[in-house]
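Q: Quick note, the sequence shown lines up with residues 0 to 561 if you use numbering that gives the first Met the number 0.
By construction, these hints were calculated from the structure, which means they are not laboratory data.
Please note that the accuracy of each hint is not assured.
What follows is a set of in silico ranges between Cβ atoms, one per label pair, in the way DEER data are often shown [stated by the list, open to error]: (1) 301 with 329: 30 to 36 Å; (2) 488 with 158: 49 to 55 Å; (3) 68 with 221: 41 to 47 Å.
Since the structure is predicted, the reported quantities are computational estimates derived from the model, not experimental observations.
Using N, Cα and C, we set each Cβ at its ideal position, and we do this for glycine too.
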Amino acid sequence: MSKRQVLEALSGLLLGMFVSILAGTVVSTSLPIILSDLHGDQSAYTWVITATLLATTVSTPIWGKFADLFNRKLLIQLALAVFVLGSALAGLSQDTATLIGFRVLQGLGAGGLAALSQIIMADIISPRDRGKYAGLFGAVMAVGTVGGPLLGGVVTDAFGWRWNFFIALPVAIAAIVLLQRTLHLPQRIRRAVRIDYLGAVLITGGVSLLLIWVTLAGREFEWASVSSFVMVGGAVLLLVLAVVVESRVAEPIIPLGLFRDRTFTLATIASVSVGVAMFGTSVFLSQYMQLARGATPTQSGLLTIPMMGGFLVSSTTFGTLISRTGKWKSIMVSGSVLVIVGLLLLGSLTSTTSLLFVGIFMFVLGSGLGMLMQNLVLVVQNGVEVANLGVATSAVTFFRSLGGTIGVSVLGSVLGTVVSQQITAGIGQLSPANQAAAGASLGSGAIPHIAALPAAIRVLVESAYGSGVGTVFLLGAPLAVVTLIAVALLPNASLGTRTAIARAHADAADGAAAREIALVEDILIDAGAAAADLTPVGLNDPSGTILGGGGGEPTPAGLRSL
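Whenever a hint applies, use it, and build me the whole structure from the sequences.
A: Dropping the structure here:
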């Protein structure tokens, strides 16, 4: 495809990604207001986030498998339609339970958009050239992530939080139309395969049960309790059965053979911890800005600009550098170091930390993530066989979402515990009048309206959330060290210069030639009567027609002449 055709094809794809990112980030700054309006507590706050991540996580490998079987253009349009439906219904929610349910529907569509956008990009852009377009993806991600909170804050302050879900509808419809008009994928070589429905059910059930346990443990029941043992045991049993099924079926959802590939395995490990850093940052920074610093939703969006600014600058700059030089490993190692430093710096947050320093800390973390996220997918796509491109790409996205989901759940539980302990301890030091006011304001356990709290109680709540969010980031730093180790051990393979579809056609042509030679060789071996005419290299061929010059290996053209 020419550069113009690639850009046209990417236009609808990028708009679809923008809708997905926008719908998530628009809501992020509004969640404290939404949960306060719907009388939700910290557990509900975490569940609203986790529900979408859970659905995204479990559906991603299935979308990836579908991408190897069906029309990818129709699939991404279907994913977008599902996402839009979930967004519209979420805007009509009257309580936290229905909001969480419709966020699950959103997550199913988001899983398709996350996996299919990466797969389609590999279809039309070679690994070596992909860095040239990293700036476009980085810009879309930055605008969606930075503009989303800003837009969400303005919409919430002006029209109410429900319009945050409705605002994506016209953009999504435009994306579907644009995809239909501009995304013309080259013809792929199709193969007859079967869908592993049993494996899909077992993986979905096992992962879902595990994530539900992580979300509920520590709040609804103790970590070491009968409920925990039952849920963990059930999850392990389902996942073990999934491994057994996946090892026996012809077309597994996640081929276990992929884990024998060093690049895939290490990239998967790195993706898990990157997911914790990426999703955890976006979730808990909004809480920090609004509950520890008293910012409005609009101000909260403005204050997170340094994070996405760092992401945009690093992904654009280093993506272009990778395309020019073909060298990626040193960039990814440097990005891993920046993620560690950024999390450690954010781990020092309190409710009184200078906002200038908070911005610098966010910029450092964003820069590191920009150097890592897209490139983890890139190195996997560069190394796997074309037949496994869809499942390999979706698997990396799957484990990143899995890490993010578990991370948000566990860290959210930690945050809730720290905040509760600090508020309880702080209330005991207040005057009797303020203690009574605190009981009336905070007794329900719901996330409070900071601006409506009395001054003494407000300082107490802000201090609790400030140190609690700092603790959350500090706990994420060891996982970033795991990312650094995994990236450092990645094989430093050269980036390919052919698109996935070009590789598939080349592999098919090579396979056809090999089968042709093998067929003729079998015929010659069976023709025992002609043994006297055979030379040590195979045939009496003085003219060189068959052996290409009278010696060496038989040529396909020469063998066809027989």
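Q: Look at each hint and say if it fits the structure.
A: Status of each hint after checking the structure:
no. : hint                     : in the structure
1   : 301 with 329: 30 to 36 Å : 34 Å, holds
2   : 488 with 158: 49 to 55 Å : 50 Å, holds
3   : 68 with 221: 41 to 47 Å  : 44 Å, holds
Every hint, counting from the list given before, is met by this structure.
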